[in-house]
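There are 2 protein chains.
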Amino acid sequence: MAELRKNPLTGNWVIISCKRGKRPLSFFLEEKRNENEEKCPFCEGNEGTTPPEVFSYRQEKTAPDTPGWWIRVVPNKFPALSSKGQLNRQKKGIYERMNGVGAHEVIIETPHHVKDLFSFEPKEIEKIIWIYRRRLIALMKDPRFEYVLIFKNKGQKAGASFSHSHSQVIATPLIPKDIKEKLQSSKKYFDSEKKCIFCEIISEEINLKKRVLWDDENLLSFCPFASRFPYEMCILPKAHCSDFRKIDESIVKSLAIMLKKCINALNKILPGISYNYIIQTSPFSKSNLKYYHWHIEIIPRFTRIAGFEWGTGIYINHVPPEDAAKHLKKGIKRTKK
Amino acid sequence: MAELRKNPLTGNWVIISCKRGKRPLSFFLEEKRNENEEKCPFCEGNEGTTPPEVFSYRQEKTAPDTPGWWIRVVPNKFPALSSKGQLNRQKKGIYERMNGVGAHEVIIETPHHVKDLFSFEPKEIEKIIWIYRRRLIALMKDPRFEYVLIFKNKGQKAGASFSHSHSQVIATPLIPKDIKEKLQSSKKYFDSEKKCIFCEIISEEINLKKRVLWDDENLLSFCPFASRFPYEMCILPKAHCSDFRKIDESIVKSLAIMLKKCINALNKILPGISYNYIIQTSPFSKSNLKYYHWHIEIIPRFTRIAGFEWGTGIYINHVPPEDAAKHLKKGIKRTKK
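Sequences listed follow chains A and B, in order. Going by my numbering, the residue at position 317 of the first sequence is 318; the numbering climbs one at a time, nothing skipped. Going by my numbering, the residue at position 329 of the second sequence is 330; the numbering climbs one at a time, nothing skipped.
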């Protein structure tokens, strides 16, 4: 089983996954892998090559793990965290560890070998978003888990192992440090200013206009003021809401269109770009927070992280977010002609 | 001039470098660049292609920016931060910014087109380390700077633009968040335990042996307990010392040998691997800290950072550090036969 270890200095946890430790060269083989598309384990007809499905939207009277599905959720074959066992948290001297208990699922977004979300119909993306919510609700019932991250790795540079369009879900037995920090700093702001910092960001961005991508009655997408990466984007719900599980039909419809617009714009200016997106909701134990909004970060992956970033946490971004917003909006305009 | 922007939520600063913002496609061109070795601006004879040198170790009676040098320090031609101007820190509503004032230098480690440190003689590496110290001392005299990071990007995957062996120095007008956090948590440990956590780590690792790589009377190298990356290594001074500027001849001799051993071992098991190393010293304003050690982190770059890591700060490491230490030591043994 994998192990979670706490850095005694920074307090950050790390997942040590022992299984592959004896094969250092496998990393290089992976880099050079040329995926055989015919054998894609996520394509309809190849259901037998994945672990048995956890959930699916499928045609009536079709059996699990057979064709006839639109979206399939399966456990990750090489999970970062395993759903079996107990935590057994231990501290020996300065070092703290626990068992790598959690969940790691793959959401296969289509039975066809489609590679990116922007070729989906908004209706199809809506279904994927509903599945995100469903897995959040299902996994929060396990008392061993404290947080669930939903994320997408698109393209090899973003860490994807398969090109077939998919998202992932990882449930962790602790609240990750990055989430904790966002909660702490937004609470600090609320305590001193009596306002939610996310609500403030929304009104400031709408007021300034120059970093806004698109907005409707439910959502705002924009390039953040202190974007770490060129063309980084953020999607926020306009109405105050900390918990992604509370999304309703109207939000889901908006979000499907907004996600498609963002990914589409990115692909217009940087065709075939690798990217990650992550959904950062409040932890299960902290619902209805006055100071936090759930949000989605979209991170294009084409600049390299070098020694300076590792050593300081300061990122160097060559595209000011005001320019990024302009480029992204132009991209989308061009396609409409 | 570049701009520093503070993320209102996380408190992290970002460098927005405007110059290249209008050329989004240049990133892709860079990726595909096939370096013309004959035109390497770091090779002897091509001194005219870099900005004028800041410092060099060179033969007597040779002029600056001409051949005859062993190590040359030049300003970075495309600096992340610029040495001209004042900070002009401003806060408008929730958003805070300042001018990108700092220094960004390149240390060209050899006049010959040698690509990695492990082919250097320890004597040559000693000279490079003395230059690290010299630049730290020189840059701390500028009252606009709060911190200096010395780092190396080796290989394209580690963010290097040139294959010719070099290090970099960046002076920042603030103490980076990652350094602040390490200072805070080590101080917290000291306040509660009355001991330096780095001293504790050293004695614990020497006691346990299983993660130790090499040690001598001055230094310890090991794979950290909560390594984020496969084959991550750390070098610590055994005697308590927070400030890298305080290194003496004995430490420099040890460090040259230790660095060569670490990089050599890495290259034995993963030939040609890209890596970063970073030297984390105490900030200028905080010398002689009882709770901090200067240290060097060596980070091999062959796993991809994906959505989970971006969304949580939790890294997934497939090689337990105990195995990594074994592999690295075996690698070096093999070469001795």
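It should be emphasised that the hints constitute simulated quantities derived from the structure, not laboratory data. Values in this document were obtained by computation on a predicted structure and should not be read as measured data. Certain hints may be false.
Since the list gives no way to pick out one identical chain from another, each pair is judged satisfied if it fits inside one copy or across any two copies.
Said to hold, decoys possible - Calculated cross-link-like contacts (lysine-lysine; reagent style BS3-like; alpha-carbon spacing at most 25 Å):
{"no.": "1", "residue 1": "211", "residue 2": "62"}
{"no.": "2", "residue 1": "247", "residue 2": "261"}
{"no.": "3", "residue 1": "93", "residue 2": "327"}
{"no.": "4", "residue 1": "291", "residue 2": "93"}
{"no.": "5", "residue 1": "85", "residue 2": "210"}
{"no.": "6", "residue 1": "93", "residue 2": "210"}
{"no.": "7", "residue 1": "210", "residue 2": "269"}
{"no.": "8", "residue 1": "92", "residue 2": "195"}
{"no.": "9", "residue 1": "40", "residue 2": "327"}
{"no.": "10", "residue 1": "124", "residue 2": "211"}
{"no.": "11", "residue 1": "210", "residue 2": "92"}
{"no.": "12", "residue 1": "239", "residue 2": "142"}
{"no.": "13", "residue 1": "247", "residue 2": "124"}
{"no.": "14", "residue 1": "189", "residue 2": "93"}
{"no.": "15", "residue 1": "195", "residue 2": "93"}
{"no.": "16", "residue 1": "62", "residue 2": "196"}
{"no.": "17", "residue 1": "189", "residue 2": "178"}
{"no.": "18", "residue 1": "327", "residue 2": "239"}
{"no.": "19", "residue 1": "189", "residue 2": "124"}
Verification of the hints:
1. Taking the shortest alpha-carbon separations for residue 211 and residue 62, neither the intra-copy value of 52 Å nor the inter-copy value of 56 Å comes in at or below 25 Å.
2. For the homomeric pair residue 247 and residue 261, the shortest alpha-carbon distance inside one copy (21 Å) is at most 25 Å, but the shortest distance between copies (55 Å) is not.
3. Taking CA atoms no more than 25 Å apart as the test, residue 93 paired with residue 327 passes between copies only; the shortest distance there is 22 Å, against 53 Å inside one copy.
4. For the identical chains of this complex, residue 291 and residue 93 are inter-copy neighbours only, at 24 Å across copies versus 38 Å inside a copy, given an alpha-carbon limit of 25 Å.
5. In this assembly of identical chains, residue 85 and residue 210 lie within 25 Å of each other by CA distance neither inside one copy nor across copies; the values are 49 Å within and 31 Å between.
6. Taking the shortest Cα distances, residue 93 and residue 210 sit within 25 Å of each other only across copies (15 Å), while inside one copy they are farther apart (53 Å).
7. For the homomeric pair residue 210 and residue 269, the shortest alpha-carbon distance inside one copy (22 Å) is at most 25 Å, but the shortest distance between copies (54 Å) is not.
8. When the C-alpha separation of residue 92 and residue 195 is checked against a cutoff of 25 Å, the pair qualifies only between copies, where the shortest distance is 19 Å, while the shortest distance within a copy is 39 Å.
9. Neither within a single protomer nor between protomers do residue 40 and residue 327 lie at most 25 Å apart by alpha-carbon distance, with minima of 41 Å and 36 Å respectively.
10. With identical chains, the CA atoms of residue 124 and residue 211 are never at most 25 Å apart, being 30 Å at best within one copy and 55 Å at best between copies.
11. Taking CA atoms no more than 25 Å apart as the test, residue 210 paired with residue 92 passes between copies only; the shortest distance there is 18 Å, against 51 Å inside one copy.
12. With identical chains, the CA atoms of residue 239 and residue 142 are never at most 25 Å apart, being 28 Å at best within one copy and 48 Å at best between copies.
13. Taking the shortest alpha-carbon separations for residue 247 and residue 124, only the intra-copy value of 19 Å comes in at or below 25 Å, while the best inter-copy value is 64 Å.
14. Proximity of residue 189 and residue 93 under a CA criterion of 25 Å is satisfied inter-copy only: 19 Å between copies versus 33 Å inside one chain copy.
15. Within a single copy, residue 195 and residue 93 get their C-alpha atoms only as close as 42 Å, which misses the 25 Å cut-off; across copies the closest is 18 Å, which meets it.
16. Taking the shortest alpha-carbon separations for residue 62 and residue 196, neither the intra-copy value of 51 Å nor the inter-copy value of 66 Å comes in at or below 25 Å.
17. For the identical chains of this complex, residue 189 and residue 178 are neighbours both inside a copy (16 Å) and across copies (17 Å), given an alpha-carbon limit of 25 Å.
18. Proximity of residue 327 and residue 239 under a CA criterion of 25 Å is satisfied intra-copy only: 22 Å inside one chain copy versus 53 Å between copies.
19. For a Cα distance limit of 25 Å, the shortest separation of residue 189 from residue 124 qualifies neither inside one copy, at 39 Å, nor across copies, at 52 Å.
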